[in-house]
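Visitor: Read off the chains here:
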Amino acid sequence: MGNCLKGSSADDISLLRGSESTADSSSSDQLGPPPPYRVESLPVYYPSPNISRPVTQLTEEEQVKIAKRLGLIQHLPTGIYDGCKKNRECVICMVEFQMEDCVRYLPCMHTYHVKCIDDWLMRSFTCPSCMEPVDAALLTSYETN
Amino acid sequence: MQSLKAGHLDASRWERRLQKELMSLMKEPPPGVEVDGDQAEQNLSLWTVHMKGAEGTLYEGESFQLQFKFSPKYPFDSPEVTFIGSNIPVHPHVYSNGHICLSILTDDWSPALSVQSVCLSIVSMLSSCKEKKRPPDNSFYVKTCNKNPKKTKWWYHDDSV
Ligand SMILES: [Zn+2]
Ligand SMILES: [Zn+2]
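From first to last, the protein sequence lines stand for chains A and B. Going by the working numbering, the first residue of the first sequence is number 785, and it counts up by one from there. Going by the working numbering, the first residue of the second sequence is number 2, and it counts up by one from there.
It should be emphasised that the hints constitute simulated quantities derived from the structure, not laboratory data. The C-beta atom is built at its ideal place from N, Cα and C for all residues, glycine as well. Heads up, a few of these hints could be off.
[Claimed, not checked] Computed footprint of chain A on chain B, listed as stretches where at least three residues anywhere in the stretch have a Cβ under 8 Å from a Cβ of chain A:
| # | stretch |
| --- | --- |
| 1 | 10-20 |
| 2 | 107-115 |
[To be verified] Between beta-carbon pairs, the in silico distance windows are:
| # | chain 1 | residue 1 | chain 2 | residue 2 | range |
| --- | --- | --- | --- | --- | --- |
| 3 | B | Ala-12 | A | Lys-869 | 27 to 33 Å |
| 4 | B | Glu-35 | A | His-859 | 43 to 49 Å |
| 5 | B | Met-24 | A | Cys-914 | 22 to 28 Å |
| 6 | B | Glu-61 | A | Gln-841 | 47 to 53 Å |
| 7 | B | Gly-62 | A | Glu-844 | 57 to 63 Å |
| 8 | A | Gln-882 | B | Asn-98 | 42 to 48 Å |
| 9 | A | Lys-852 | B | His-51 | 45 to 51 Å |
| 10 | A | Ile-850 | B | Asp-11 | 18 to 24 Å |
| 11 | A | Gln-882 | B | Leu-45 | 20 to 26 Å |
| 12 | B | Ile-85 | A | Ile-864 | 41 to 47 Å |
| 13 | A | Ala-851 | B | Lys-131 | 46 to 52 Å |
| 14 | A | Ile-864 | B | Lys-28 | 39 to 45 Å |
| 15 | A | Gln-858 | B | Asp-11 | 19 to 25 Å |
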């Protein structure tokens with residue numbers, strides 16, 4: 785099972801707790817006019833993994849971004865799974881690594897199948913297990929080595 | 002070289018992952034959680050999960066139903082998770098139409114999460130509740146929202162806390 789489980793569920797709780805206190809002040813159990821909670825106009829956290837568009841609709845800027853991202857991903861080290869006991873399973877497809885599998889190592893040392901993690905990194909440049917951002921500065925040092 | 006239209010597991014890996022999740026959820030469910038295994042076997046992309054309110058919490062003695070919908074892009078896309086049925090928990094982050102405002106279901110989703118971890122988060126969300134009430138914008142939201150909760154641009158009020 786995912787090793788980020790503890791961290792993320794703890795966050796959720798603190799997240800929820802934090803917002804309870806702000807909600808408490810309004811008398812919300814009365815069915816009056818809706819309070820000014822303008823969902824649409826609030827700051828948006830996207831681009832997120834949920835948003836995808838056909839390539840034909842991408843702007844030139846977005847295409848450059850994608851090309852750059854592909855370039856960055858290619859700099860992350862890959863290898864053939866060597867039986868390392870620390871990383872036994874790819875948490876994306878939930879299948880145990882086999883000796884011949886192509887794997888990619890992230891700077892945090894979490895390991896995934898190349899074909900599994902590359903698809904995720906195109907959406908979000910973070911490690912799915914520990915949520916560490918994959919550091920672009922670190923990547924340039926791979927290049928010089 | 003990967004193609005730009007990538008972004009999902011091929012059908013066999015998608016199916017294997019969901020089968021595996023289903024097996025472990027049936028074998029070792031979190032306390033108070035039970036998946037409808039027969040239904041999920043018939044249609045792997047639509048699951049119903051039964052959830053009991055934990056003892057010693059405001060929801061003790063109540064039971065709820067959760068629906069999980071998995072797109073072909075799962076686990077890169079989060080599952081669509083809503084409460085369904087006649088008893089929708091009265092909770093500050095659950096709308097009366099069953100939509101749940103929970104960050105791991107949208108922005109904080111990661112493919113390392115699973116049905117099991119989503120269930121655990123929802124259990125702890127319910128268990129930590131101190132006062133049963135609907136979100137302050139419930140009536141407005143329910144009237145105006147998209148049927149798919151993932152289309153909602155949730156605002157997590159505590160960002161500044
Ligand atoms: Zn994999
Ligand atoms: Zn990591």
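Visitor: Indicate, hint by hint, whether the structure satisfies it.
Guide: Hint-by-hint comparison with the structure:
no. : hint                              : verdict
1   : 10-20                             : holds (count 4)
2   : 107-115                           : holds (count 9)
3   : B:Ala-12 - A:Lys-869: 27 to 33 Å  : holds (31 Å)
4   : B:Glu-35 - A:His-859: 43 to 49 Å  : holds (46 Å)
5   : B:Met-24 - A:Cys-914: 22 to 28 Å  : holds (26 Å)
6   : B:Glu-61 - A:Gln-841: 47 to 53 Å  : holds (50 Å)
7   : B:Gly-62 - A:Glu-844: 57 to 63 Å  : holds (59 Å)
8   : A:Gln-882 - B:Asn-98: 42 to 48 Å  : holds (45 Å)
9   : A:Lys-852 - B:His-51: 45 to 51 Å  : holds (46 Å)
10  : A:Ile-850 - B:Asp-11: 18 to 24 Å  : holds (21 Å)
11  : A:Gln-882 - B:Leu-45: 20 to 26 Å  : holds (24 Å)
12  : B:Ile-85 - A:Ile-864: 41 to 47 Å  : holds (46 Å)
13  : A:Ala-851 - B:Lys-131: 46 to 52 Å : holds (50 Å)
14  : A:Ile-864 - B:Lys-28: 39 to 45 Å  : violated (32 Å)
15  : A:Gln-858 - B:Asp-11: 19 to 25 Å  : holds (22 Å)
Violated hint for the displayed structure: number 14, the only one.
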